[in-house]
Amino acid sequence: MSSNFPVANNTDTDQRVKLFFDTYFNAPVSYPASEIDAVIGFFRKRGFDEVASSSTAIVLLQQAKIDEVNVFTLLDTLKGLTDLQLSSVTTAVLNANRQRNSTLGFKQQDTSDLIEQRNVMV
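0 is the number of the first residue of the sequence shown in numbering that gives the first Met the number 0; add one for each residue after it.
Rather than coming from a laboratory, the hints here were simulated on the basis of the structure.
Hints are not guaranteed to be accurate.
Claimed, not checked - The following label-pair restraints were derived from C-beta to C-beta distances:
{"no.": "1", "residue 1": "14", "residue 2": "78", "range": "14 to 22 Å"}
{"no.": "2", "residue 1": "15", "residue 2": "48", "range": "39 to 47 Å"}
{"no.": "3", "residue 1": "97", "residue 2": "72", "range": "40 to 48 Å"}
{"no.": "4", "residue 1": "81", "residue 2": "18", "range": "46 to 54 Å"}
{"no.": "5", "residue 1": "15", "residue 2": "81", "range": "47 to 55 Å"}
{"no.": "6", "residue 1": "69", "residue 2": "93", "range": "18 to 26 Å"}
{"no.": "7", "residue 1": "79", "residue 2": "51", "range": "48 to 56 Å"}
{"no.": "8", "residue 1": "81", "residue 2": "14", "range": "50 to 58 Å"}
{"no.": "9", "residue 1": "37", "residue 2": "84", "range": "16 to 24 Å"}
{"no.": "10", "residue 1": "18", "residue 2": "45", "range": "22 to 30 Å"}
{"no.": "11", "residue 1": "72", "residue 2": "16", "range": "36 to 44 Å"}
{"no.": "12", "residue 1": "43", "residue 2": "17", "range": "17 to 25 Å"}
As the list claims (entries may be wrong) - Straight line, CA to CA, 30 Å or less: simulated DSSO-like cross-link-like pairs of lysine-lysine:
{"no.": "13", "residue 1": "44", "residue 2": "64"}
{"no.": "14", "residue 1": "44", "residue 2": "17"}
{"no.": "15", "residue 1": "64", "residue 2": "78"}
Values in this document were obtained by computation on a predicted structure and should not be read as measured data.
Glycine residues also receive a C-beta, built at the ideal position from the N, C-alpha and C atoms.
Using the sequences plus the hints, can you model the full thing?
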């Protein structure tokens with residue numbers, strides 16, 4: 000059977016690529032159990048469901064490690080926020096750790112007055 004794909008003659012390159020992707024997700028990442036439980040418990044207490052709180056906790060733990068911030072200090076800071084402010088901060092942190100072609104957001108009410116918009120002349 001013929002195809003337009005090139006014939007793979009270089010098996011050395013193929014092996015290196017396979018080795019790279021086989022070990023791509025094997026980097027050791029560890030956090031103390033107390034920190035994981037505290038962050039998950041914080042979001043569960045604030046109304047997040049189990050999967051959302053776990054996913055958000057993982058991202059916050061990673062970001063805290065990158066920024067070299069103690070997780071408990073971060074949680075104390077987040078404790079003083081309202082639910083809307085917490086959603087906004089969480090969305091910003093999650094978007095910072097996502098692909099650029101996929102972002103999270105929420106709809107905000109349009110506060111402009113339609114009468115004023117109608118009278119603007121261009």
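To see whether the hints hold, each was checked on the structure:
Judged by the Cβ atoms, the range 14 to 22 Å given for residue 14 and residue 78 is violated: they are separated by roughly 51 Å. For the hinted restraint 39 to 47 Å between residue 15 and residue 48, the CB-CB distance of approximately 42 Å keeps it satisfied. Judged by the Cβ atoms, the range 40 to 48 Å given for residue 97 and residue 72 is violated: they are separated by roughly 24 Å. Range check, residue 81 to residue 18: about 49 Å between beta-carbon atoms, so the 46 to 54 Å window is met.
Separated by about 51 Å at the C-beta atoms, residue 15 and residue 81 satisfy the suggested range of 47 to 55 Å. At about 20 Å, the beta-carbon gap between residue 69 and residue 93 stays in the expected band of 18 to 26 Å. At roughly 21 Å, the beta carbons of residue 79 and residue 51 sit outside the given window of 48 to 56 Å. Taking the beta carbon of each, residue 81 and residue 14 are about 54 Å apart, inside 50 to 58 Å as hinted.
Restraint check, residue 37 to residue 84: a C-beta distance of roughly 20 Å satisfies the suggested window 16 to 24 Å. Here the CB-CB span from residue 18 to residue 45 is close to 43 Å, at odds with the stated 22 to 30 Å. The hinted window of 36 to 44 Å between residue 72 and residue 16 holds, with their beta carbons roughly 42 Å apart. For the pair residue 43 and residue 17, the beta carbons lie near 40 Å from each other, so the given range of 17 to 25 Å is not met.
In summary, the hint linking residue 44 to residue 64 is supported, as the alpha carbons are separated by about 23 Å, within the 30 Å threshold. Between residue 44 and residue 17 the CA atoms are separated by roughly 43 Å; this puts the pair beyond 30 Å, and the hint is violated. Annotation: proposed proximity of residue 64 to residue 78 holds, straight-line Cα distance about 19 Å (limit 30 Å).
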